[in-house]
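Chains as they are written, first to last, in full-length UniProt numbering: chain Z, 1 to 551; chain R, 1 to 316.
One or more of the hints may lead you astray.
Unchecked claim - If we take Cβ atoms under 8 Å as the criterion, some of the chain Z residues that face chain R in the derived model are:
1. W24
2. G143
3. P281
4. I360
Claimed, not checked - Label-pair distances were calculated between CB atoms; the ranges are:
5. Z/Y486 with R/V171: 54 to 64 Å
6. Z/K493 with R/P5: 19 to 29 Å
7. Z/G138 with R/K192: 33 to 43 Å
8. R/G255 with Z/T69: 28 to 38 Å
9. Z/I220 with R/P96: 36 to 46 Å
10. Z/Q63 with R/H225: 39 to 49 Å
11. R/A99 with Z/V481: 56 to 66 Å
12. Z/Q63 with R/G255: 30 to 40 Å
13. R/H61 with Z/V481: 56 to 66 Å
14. Z/T193 with R/V42: 29 to 39 Å
15. R/A20 with Z/T193: 18 to 28 Å
16. Z/V481 with R/G62: 39 to 49 Å
17. R/S295 with Z/Q63: 32 to 42 Å
18. Z/M60 with R/L23: 28 to 38 Å
Calculated from the structure, these hints are not laboratory results.
No experiment lies behind these values; they were computed from the predicted model shown.
Backbone N, C-alpha and C define an ideal beta-carbon position, used for all residues, glycine too.
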Amino acid sequence: MSAPAVVVEDPPEDYLQEHTLKSWLLTTDHKRVGILYMISVTVFFFVGGAAATLMRLELMTPQGDVLATPDAYNRLFTMHGVIMIFFFLVPAIPSVLGNFLLPLMIGARDLAFPKINLLSWYVYMVGGVMGIWIMIFGGVDTGWTFYTPFSTMYSNTMVVTAAVAVFITGFSSILTGLNFIVTVHTMRAPGMTWFRLPLFVWSHYATSLIMVLGTPVLAISVILIALERLFGVGIFDPAIGGDPILFQHLFWFYSHPAVYIMVLPGFAVVSEIIPCFARRPIFGYKFIAFASVAIAVFGFLVWGHHMFVSGQSMYAGTIFSILSFLVAIPSAIKVFNWTATLYKGSLRFDTPMLYALGFIGLFTIGGLTGLMLASLAIDVHVHDTYFVVAHFHYIMVGGTVMAYLGGIHFWWPKISGRMYPEIWGKLSALLVFVGFNLTFFPQFLLGYLGMPRRYYEYRPEFQVLNVMSTAGASILAVGYVLPLFYLLLSLRKPANAGPNPWGATGLEWQVESPPSVHNFHEPVVVTCEPYMYSPEEAEREYAHDQRVHNA
Amino acid sequence: MWDFPLFPEQASSNAQKVDALMLFEVGILLFFTILICVLILVFSLRFRRGARVDRSHPPTHGKAMETVWIIVPLLISIVMFVWSTRLFFELYEAPPDAAEISVVGKQWMWYLQHPQGRAETNELHVPLGQAVKLNMTSQDVIHSFFIPAFRIKQDVLPGRYTSLWFRPTKVGVYDLFCAEYCGTNHSIMIGKVHVMEPADYEQWLSAKGVGPSQAEEGEQLFVQHHCAGCHRGSQTVNAPRLEGVYGKPVPIQKGKDVGFVTADDRYIRDSILMPKSEVVAGYEPLMPSYKDQISEPDLLKIIAYIKSIATRETSQ
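Put together the whole structure using the sequences plus the hints.
Put into structure tokens, the structure is as follows:
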């Protein structure tokens, strides 16, 4: 790159060096904000996971016997949904990995608005603390969908507080999205053209568009809920002239695109991991980039497929059905492209790669069952049953959480400077994959058999499948807890990862691990495309290493 | 307790059709999932690091291949779409001979009434082979009427009528669930559907003695609530007569213009509860609202009565 004109002889100081609490809480370093998010989403993930564990225990038997009352169960599944979606799945990859990596990947010093970035974390924490507070002092029993008129007129729980918490958290999402869009437009290093951007950046760009355009609609809907509850203004309640279906339209206008807020960043991670561990350029770069944007755009047009049996017009149902089929096509393109990227590669199977390959399998099943839900006549039968529960867990847990864990393992050496124990990593990937399938595959069968969702008690004939599901959940729980331990333990060792343990080609791997406060020591100029891997060279290096090892 | 079904019973004409489409889609799902898994496994073994294979010039894109994998999913999607949409439309076009049963959802029970008058709670008796159309509404929150063995479901909304029809094909007892989360006891809002031989059904209908039919009860309510005072007979107040009105377009005064609205269940319900919103052209908006005075099941009975006089001539 360019010759250093002014030599600054300060030793490179990594971003983790300062230890005071103040240095963390007042930081404007995108990497530190990423770490703040990492700690908080991890806490929320395990809180939401604990709720899921209790629910699975309750559902082991057809009678209600673990939790004292149906109300306790209803509050539990509401909080599981609210916490996992708004406080884990939506922020996880963009706010942790995106914050940390986006500036590094485009050769920038920081995000465009570092203080807004810190503000987004505080806003998120205010919403999150309110969420936990609600859980301790009473809870909400409406489900995360807050359907009216139950939520506005009949529920006697803390719906307004929950609406406010969700409203506040939404702003954190909007701030992050704005920051990413402006950063990608204005902070790219010289030579980093749009088609030299890593696919990670493309996906986050598409995600940010949804965050900025969709989240305000969520904010509007939850505020309308609060107004309706407090003042009975009659927007949703038919008894005073309102329309309960209106709420569903408003709610899903955000919440369906939100599914893509959760899963597009997952695509981002997988698109980085696979070429690195296959050691070859990704197949169909432009197709994957455009597919991300296409998914973001189409994502806004399909909200009505949540409402085929809601009483909306059947002609509306027809339009939403065909659009939902169309959104599957860019997703299919991605799956085929990732698979084709394995062809003629030099494949290594480290933990991130195992997570990424598992992701492809689970996302494929999740996506194809989505076609069944887009099929009107089948949706009529399986709507609001465990089939839907299984489907969206395949996408959101099988997809997003697998990708998140893969990404955490992939970039852990960069973030912390430490290598994690590979053998434990592989074990966790295996446990998560097996546990996940055992938990959620039986739920497809349960749903087709007719077990409705959100049931505290159920018919005895559904028990065998529920027991299988609960058994799977216990394996899954072990798979999730393991990385928490070995990743934290790895921090006790000195930084041993080196700048580029995987031999990857992104800009983030050109700087030391952990990166210095200012990311780059000299101006970055980009002169080549991303993913400049060579499988043949990788083979030569491998053969050489083997010889050295054997000698 | 350990009985372990993998496929729900098929007990309506709709069930077989939905299952056929479902099996087709499961086939597609298995094909692509297995294809992807096999490709991943084959590539993983063949191109694992250290394996001696040709790795020269890995393809970075392929127009032909990418076109294929856009076109193929598109075609498959279109097949699924057309097939499923046709089945879906059938579900909302009840045959003309369908018997109409009223359904009212309420936290946390189902109230059902047969046209012949007999009402029941959380139990629905229907004759084998006879098309049944459900006219449904809710008294409080949104519920969802779901009979897995018939592969049908429809949300039941407060303040609005939705409908659904089915033709049972197998004698037996089937679960009736509420599928839309409706509050504390959502999971025990369960009913039973009894599909009976037509003769048994006739016997069941009259087992409690032949009571007034739904329309007859509706007529009594019509008189009790003083609807009859204006809408028939003495004509001390200028109100439209209701004979022959049901199902016909009604002229509505909208400002200076006159628009037409079909006098269906919704219109009649709204005219009772919100009489000033759609006033028939040429009449004064004098009628008081009956909001909170007539229950949902009673509204359904009054509608059944007005429907029963649909073929009578108006005197005007």
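Hint check results:
no. : hint                           : verdict
1   : W24                            : violated (40 Å)
2   : G143                           : holds (5 Å)
3   : P281                           : holds (5 Å)
4   : I360                           : holds (7 Å)
5   : Z/Y486 with R/V171: 54 to 64 Å : holds (60 Å)
6   : Z/K493 with R/P5: 19 to 29 Å   : violated (53 Å)
7   : Z/G138 with R/K192: 33 to 43 Å : holds (35 Å)
8   : R/G255 with Z/T69: 28 to 38 Å  : violated (54 Å)
9   : Z/I220 with R/P96: 36 to 46 Å  : holds (44 Å)
10  : Z/Q63 with R/H225: 39 to 49 Å  : holds (45 Å)
11  : R/A99 with Z/V481: 56 to 66 Å  : holds (57 Å)
12  : Z/Q63 with R/G255: 30 to 40 Å  : violated (60 Å)
13  : R/H61 with Z/V481: 56 to 66 Å  : violated (41 Å)
14  : Z/T193 with R/V42: 29 to 39 Å  : holds (36 Å)
15  : R/A20 with Z/T193: 18 to 28 Å  : violated (51 Å)
16  : Z/V481 with R/G62: 39 to 49 Å  : holds (43 Å)
17  : R/S295 with Z/Q63: 32 to 42 Å  : holds (33 Å)
18  : Z/M60 with R/L23: 28 to 38 Å   : holds (31 Å)
Hints 1, 6, 8, 12, 13, 15 from the earlier list are contradicted by this structure; the remaining hints agree with it.
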